[in-house]
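Student: Those protein sequences? They're chains A, B and C, same order as listed.
So the first sequence is residues 103 to 410, counted in our numbering.
So the second sequence is residues 26 to 592, counted in our numbering.
So the third sequence is residues 1439 to 1760, counted in our numbering.
There could be a bad hint or two in this list.
[Unchecked claim] A short list of chain B residues far from chain A (calculated; beta carbon distances all over 12 angstroms):
{"id": "1", "residue": "Lys76"}
{"id": "2", "residue": "Gly81"}
{"id": "3", "residue": "Glu85"}
{"id": "4", "residue": "Arg147"}
{"id": "5", "residue": "Asp205"}
{"id": "6", "residue": "Gln251"}
{"id": "7", "residue": "Lys252"}
{"id": "8", "residue": "Phe307"}
{"id": "9", "residue": "Ala408"}
{"id": "10", "residue": "Thr432"}
{"id": "11", "residue": "Ile557"}
{"id": "12", "residue": "Lys562"}
[What the hints assert, rightly or not] As a list, the in silico DSBU-like pairs of lysine-lysine whose alpha-carbon atoms are at most 35 angstroms apart:
{"id": "13", "chain 1": "A", "residue 1": "Lys186", "chain 2": "B", "residue 2": "Lys473"}
{"id": "14", "chain 1": "A", "residue 1": "Lys186", "chain 2": "B", "residue 2": "Lys68"}
{"id": "15", "chain 1": "A", "residue 1": "Lys320", "chain 2": "B", "residue 2": "Lys202"}
{"id": "16", "chain 1": "B", "residue 1": "Lys274", "chain 2": "A", "residue 2": "Lys186"}
{"id": "17", "chain 1": "B", "residue 1": "Lys448", "chain 2": "A", "residue 2": "Lys186"}
{"id": "18", "chain 1": "B", "residue 1": "Lys183", "chain 2": "A", "residue 2": "Lys186"}
{"id": "19", "chain 1": "B", "residue 1": "Lys473", "chain 2": "B", "residue 2": "Lys455"}
{"id": "20", "chain 1": "A", "residue 1": "Lys186", "chain 2": "B", "residue 2": "Lys87"}
{"id": "21", "chain 1": "A", "residue 1": "Lys186", "chain 2": "B", "residue 2": "Lys457"}
{"id": "22", "chain 1": "B", "residue 1": "Lys565", "chain 2": "B", "residue 2": "Lys374"}
{"id": "23", "chain 1": "B", "residue 1": "Lys473", "chain 2": "B", "residue 2": "Lys437"}
{"id": "24", "chain 1": "A", "residue 1": "Lys186", "chain 2": "B", "residue 2": "Lys288"}
{"id": "25", "chain 1": "B", "residue 1": "Lys194", "chain 2": "A", "residue 2": "Lys186"}
{"id": "26", "chain 1": "B", "residue 1": "Lys437", "chain 2": "A", "residue 2": "Lys186"}
{"id": "27", "chain 1": "A", "residue 1": "Lys186", "chain 2": "B", "residue 2": "Lys374"}
[As the list claims (entries may be wrong)] Examples of chain B residues lying across from chain C (beta carbon under 7 angstroms, computed):
{"id": "28", "residue": "Asn150"}
{"id": "29", "residue": "Phe301"}
{"id": "30", "residue": "Ala371"}
It is worth saying that the hints were derived from the structure and are not from the lab.
Virtual Cβ for every residue (Gly too), placed ideally from N, Cα, C.
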Amino acid sequence: METLRFVLSRFGQSLFALLCIVTITFFLARIAPGGPFLDEKAVPAHLLEKMNTKYGFDEPLIVQYGLYLGNLIQGDLGPSFGNKGFSVNEIIAQGLPVSFMLGFFGLGIALIIGVPIGVFAAARRNTAIDYVLMTVAMIGICLPTFVIAPLLGEWFAIELGWFDVALWENSSAWFLGALTLGLYYSAYIARLTRGSMLDVLSQDYIRTARSKGVSPFKVLFKHAFRGGITPVVAYLGPALAGLLGGSFVVETVFGLPGLGQHFIKAATNRDYWLINGTVTVFAVLILVMNFLVDVIQAWLDPRTKSLG
Amino acid sequence: MLRLSCHQTQQGYVSYLTPLGTALLGLAILTLLFTSSCKRESKVDIATREKILLLGNGGEPKALDPHIVSAVGDSNILRATFEGLVAYDPASDMLHEPGVAERWEPNHDFSEWTFYLRNNARWSNGDPVTAHDFVYAYHRILHPEMAAPYASMLYFLKNGSPFNRGELKDFSQVGVKALDDHTLVCTLESPTPFFPDIVKHTTWLPVHQPTIEAFGSMTDAFTDWQKPGNHVSNGAFQLTDWRINAYVKVRRNPHYWDAENVKPNGINFYPIDNTFTEEKAFRNGLLHYTYVIPSNLIPRYEAKEDPNLRSETYAGSYFYRCNVLEAPTDNPDFRRALAYAINQEAIVKYVTMGGQQPAYGFTPPSEAGYDPPRIIKFDPDKARSFLRKAGYESGADVPEFSIILNTNDAHKSIAVAIQDMWKKTLGIEKVKIQNQEWKVFQQTVLDKNFNVARAGWIGDFVDPTTFLGMWKTGDSNNNTGWSNPDYDRLLEESSFSSDTAERYRLLGEAEAILLHELPVLPIYWYTRVYLIHPDVKNWKPLLLDNHPYKHIDLVRDKEALIGKEAP
Amino acid sequence: MTSIAPRHQQEIEKGSSLGRDAWFRLRKNHLAMVSLCFFVLIVLICFLLPLLPGIPNPNITHPELQSLPAFSAATSLSGDEVYYLLGSDHLGRDLFARILYGGRISLAVGFIATAVSLTIGLCYGAVSGFIGGRLDSIMMRIVDILYALPFMIIVIILTTYITAFEDVRVIKYLNELFGNTLWLLFVCIGAVEWLTMARIVRGQVISLKNQEFVEAARSLGLSNARIIFRHLIPNTIGPVIIYTTLTVPAVMRLEAILSFLGLGVQPPDASWGSLIKEGADRMASDPGLLVYPAIVFGLTLFSLNFLGDGLRDALDPKSSKD
Chain A
103 METLRFVLSR FGQSLFALLC IVTITFFLAR IAPGGPFLDE KAVPAHLLEK MNTKYGFDEP
163 LIVQYGLYLG NLIQGDLGPS FGNKGFSVNE IIAQGLPVSF MLGFFGLGIA LIIGVPIGVF
223 AAARRNTAID YVLMTVAMIG ICLPTFVIAP LLGEWFAIEL GWFDVALWEN SSAWFLGALT
283 LGLYYSAYIA RLTRGSMLDV LSQDYIRTAR SKGVSPFKVL FKHAFRGGIT PVVAYLGPAL
343 AGLLGGSFVV ETVFGLPGLG QHFIKAATNR DYWLINGTVT VFAVLILVMN FLVDVIQAWL
403 DPRTKSLG
Chain B
26 MLRLSCHQTQ QGYVSYLTPL GTALLGLAIL TLLFTSSCKR ESKVDIATRE KILLLGNGGE
86 PKALDPHIVS AVGDSNILRA TFEGLVAYDP ASDMLHEPGV AERWEPNHDF SEWTFYLRNN
146 ARWSNGDPVT AHDFVYAYHR ILHPEMAAPY ASMLYFLKNG SPFNRGELKD FSQVGVKALD
206 DHTLVCTLES PTPFFPDIVK HTTWLPVHQP TIEAFGSMTD AFTDWQKPGN HVSNGAFQLT
266 DWRINAYVKV RRNPHYWDAE NVKPNGINFY PIDNTFTEEK AFRNGLLHYT YVIPSNLIPR
326 YEAKEDPNLR SETYAGSYFY RCNVLEAPTD NPDFRRALAY AINQEAIVKY VTMGGQQPAY
386 GFTPPSEAGY DPPRIIKFDP DKARSFLRKA GYESGADVPE FSIILNTNDA HKSIAVAIQD
446 MWKKTLGIEK VKIQNQEWKV FQQTVLDKNF NVARAGWIGD FVDPTTFLGM WKTGDSNNNT
506 GWSNPDYDRL LEESSFSSDT AERYRLLGEA EAILLHELPV LPIYWYTRVY LIHPDVKNWK
566 PLLLDNHPYK HIDLVRDKEA LIGKEAP
Chain C
1439 MTSIAPRHQQ EIEKGSSLGR DAWFRLRKNH LAMVSLCFFV LIVLICFLLP LLPGIPNPNI
1499 THPELQSLPA FSAATSLSGD EVYYLLGSDH LGRDLFARIL YGGRISLAVG FIATAVSLTI
1559 GLCYGAVSGF IGGRLDSIMM RIVDILYALP FMIIVIILTT YITAFEDVRV IKYLNELFGN
1619 TLWLLFVCIG AVEWLTMARI VRGQVISLKN QEFVEAARSL GLSNARIIFR HLIPNTIGPV
1679 IIYTTLTVPA VMRLEAILSF LGLGVQPPDA SWGSLIKEGA DRMASDPGLL VYPAIVFGLT
1739 LFSLNFLGDG LRDALDPKSS KD
């Protein structure tokens, strides 16, 4: 029962957060002055007609907002002004699978590489291995993605021929994209893991376990890991946010038609329907991730349930 | 290996991961090494085998509707999917091939042309292509409510211009008639001997009325008719896929009248706007052809004498548009100062490096025999004296203005170089460079929301009027606000003359006016520099670069040198 | 040098002795000290060296002298003798000078944006933590929501806002002061980076507010505002400093990404981010254009991160330094 209440309350909070995000971006985007698409010349006459009735262009902002929410619930995200003739739904339907692959594989790679390295460095604290690993991780954090991306492209695709260097569909370039993104976050996660594992390893109960003769392997993975992994789990939400929001660099370098590019172009073009649409989709993904994270954290550390 | 504790071995405990981990790791490495060392068929090899052309196509198309587009990349796709009365010849811009029209003939003074359409031309849904389709298409593009950006191409037709401006309401007065299903008569404003060249152009393509009207009215733009599944066209290929920022795919149109002579089975157009990614994609065996090549790589490819690099003359002019209605560019002396301060030779030699020619005038040189004045050459003293004449004591007095360009590395480099030239020669300090996304940029120019905007104009047909016509008062491609009645008059006069030498003389006078008033700052004349795979056959150099894709063949070239041999 | 705790906080005995202890611990951490010295050196070089006469103007182009390697001397077409310490870029501009001037901008972005986020985060977090209860929950929920917003969108929208409001007096004045609209980049980035700071400060304040010295201050009749600003905030200095040193590199990275998009510095100016972007594009033909700025950028971020680590180890006795 407590679990159910917890889950429901978290879910409710997520919905509320989503509403806030949608509202903020709605008003933020529309209040931004100028924008080439407010000019009637740019909007074909017949579309303008349709939009006035459906989205209330000449109505006050509040009314437009209401109409927008109504349409949103029905799944209609509006037209795109930057990609005339295409609706936001169509654009998101095209771009989402790409971003999804990049985001989740990137996160997966980040975890698969980062966590073991962090744990290993923590277990081998203050030895040469620890310093080397943490320095490598630091390099990963300090080099921008748009440097690593073309480098990976040259080495893995052109030199070694293991992957394709660009394009989508019938191409493996997306993997290099996910790898690039994953590397940065793996570096961050490695450091995070190491730090929190060290914190946990210095705790009393670990010392007890060791003195009881529990094998170091078990100490590490059975006892310390659960507590040590908590900050990493908490970081997953922001990490996904960063991956999705930052994927445009990788999309540009590898020619991947993901939402990141649309997102940035929409922002610079002030194509506010597309802005709202992509932000909503991202927000949903991130909130779902946060929700899962909260649930996992509650399972890992039952105390958090009462804090909810 | 993955030992987690080395000081516990007295317990005989060894991490379980060690043997398993090593084995897996080893297996993975071996697999990867093996697969990379095998000569795998690259994507481009597979495409050659399947006869699919993989083409880099610049930016994402604005639309796939012949009456809305004006960019080169978009027209490429339309040229593949539609066919006009007359078709492009694969080897020369001056020749034509029969398209939907089997033959055509002019009247005695070239002011009226009759086109005889073939009986077996079909739309991709099987419907026959008739002369009425062409009438409908011309009606649509000239209709004022369509707001077609390129409608002015059809002003060759009698009354085309007044109809497009809304002065004439009755389309039947416009000079195009379908005498029957297979005969089309075009009555022109003035004698035009090269009219067959004109009708090759994208703006003169037919459209399928039932399809368009199934998704909206005749003049509704950007409706769903242009999307795959709905798109009906009459060319060698039909639209099968359109994924934004990813690709536009076209495949063989089985109803095309000449289908058995169409060599490729399909074309994939890739809108890669990052030129470095495009070049890498070519080297990685993902493309048959790149749209451009980054300028910094040109010297290296040339040094290696890479056989895949082509550098061809291209009938195009790269220039900066000046808004003559906004200060400070409203002052002609100021514009002259700007023009003469641009060191065009330095730009083509050190910045673009693609064999381009410095533009001493506006119309690029061509074989047609037109010989205009060539007077805009870098002259710092002249530039400075014009600046003084414009009323500025020194460059520091010049108010701030911007150069607007579409986001592109090459344009940026040129702009930065010119910005510095204006600083060095004229002392102008406050020039900003602003870049915008291509679609937004096009709108900015149409709205005349700029002082100086980068521009490039590729000829639509082989005649100087394709470069000079756009500067007439109010032409939809003018976008500078410049208007000169003498210029208009000279162009008008030249259109009524059927003596080529006389025409060229009049046009030369007009161009002299253009180069005196300078609503444009000429920079260079284009070359097409690109990479092309040896498997692509029959891709001949063309001044206008309008390749009829049906003639392009893909044959495996055993000597192909692609891949890691990168400069 | 970094000041750990303000001197006047004598009544809080934890303050000064913690500071001194921390400083000693930091001194012993060689890596952190080297980082600190390096960082200070970089800052001094970027801001002061260009004042010397020998450094060329970074925006002067000599397209005919492009892509020369390091340590090249050359003569331009107009007869000027030029010496390129680190080589020339694709338009013949001096790379060394561009790295220096670019450093000014990147570092300025780092400092100012961090200062902005620091200010907002400190106030927000302290108030939220101190007041507690309902207000705290609401304020923190807001932070959570903002965390979910992709920051890029906010930055871009803010930048377009401010360019549109160019005529407003305050903004005009700031433009004059900084010479261009770069300052708003600082503000925009700062405005999105304050979230973590707020969380940390709040956490710190919560753990502090039940301590005796706060009770004492309250019983003395001090107002809430005074308690927050004169007593609590100074005691959060420890974690705040740590995160400041970690925020600066994050901000610089953000600026690099904006430059990649073309939204950061406008040509002909440069920042390390834009230099790296140009270098990455030309990697195949001219690796120096990428390598030199990337090394400087990387090392600076490195040093800040190690410094932050060192500070964290020095200031937090619980942390793993057995």
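Student: Each hint: holds or not?
Tutor: Hints, one by one, checked against the model:
no. : hint                  : verdict
1   : Lys76                 : holds, 16 angstroms
2   : Gly81                 : violated, 10 angstroms
3   : Glu85                 : violated, 8 angstroms
4   : Arg147                : holds, 26 angstroms
5   : Asp205                : holds, 33 angstroms
6   : Gln251                : violated, 7 angstroms
7   : Lys252                : violated, 8 angstroms
8   : Phe307                : violated, 10 angstroms
9   : Ala408                : holds, 34 angstroms
10  : Thr432                : violated, 9 angstroms
11  : Ile557                : holds, 18 angstroms
12  : Lys562                : holds, 24 angstroms
13  : Lys186/A <-> Lys473/B : holds, 21 angstroms
14  : Lys186/A <-> Lys68/B  : holds, 32 angstroms
15  : Lys320/A <-> Lys202/B : violated, 89 angstroms
16  : Lys274/B <-> Lys186/A : holds, 19 angstroms
17  : Lys448/B <-> Lys186/A : violated, 40 angstroms
18  : Lys183/B <-> Lys186/A : holds, 32 angstroms
19  : Lys473/B <-> Lys455/B : holds, 21 angstroms
20  : Lys186/A <-> Lys87/B  : holds, 8 angstroms
21  : Lys186/A <-> Lys457/B : holds, 30 angstroms
22  : Lys565/B <-> Lys374/B : holds, 26 angstroms
23  : Lys473/B <-> Lys437/B : holds, 20 angstroms
24  : Lys186/A <-> Lys288/B : holds, 33 angstroms
25  : Lys194/B <-> Lys186/A : holds, 28 angstroms
26  : Lys437/B <-> Lys186/A : holds, 27 angstroms
27  : Lys186/A <-> Lys374/B : violated, 39 angstroms
28  : Asn150                : violated, 43 angstroms
29  : Phe301                : holds, 5 angstroms
30  : Ala371                : holds, 5 angstroms
Hint check: violations occur at hints 2, 3, 6, 7, 8, 10, 15, 17, 27, 28; the rest are consistent with the structure.
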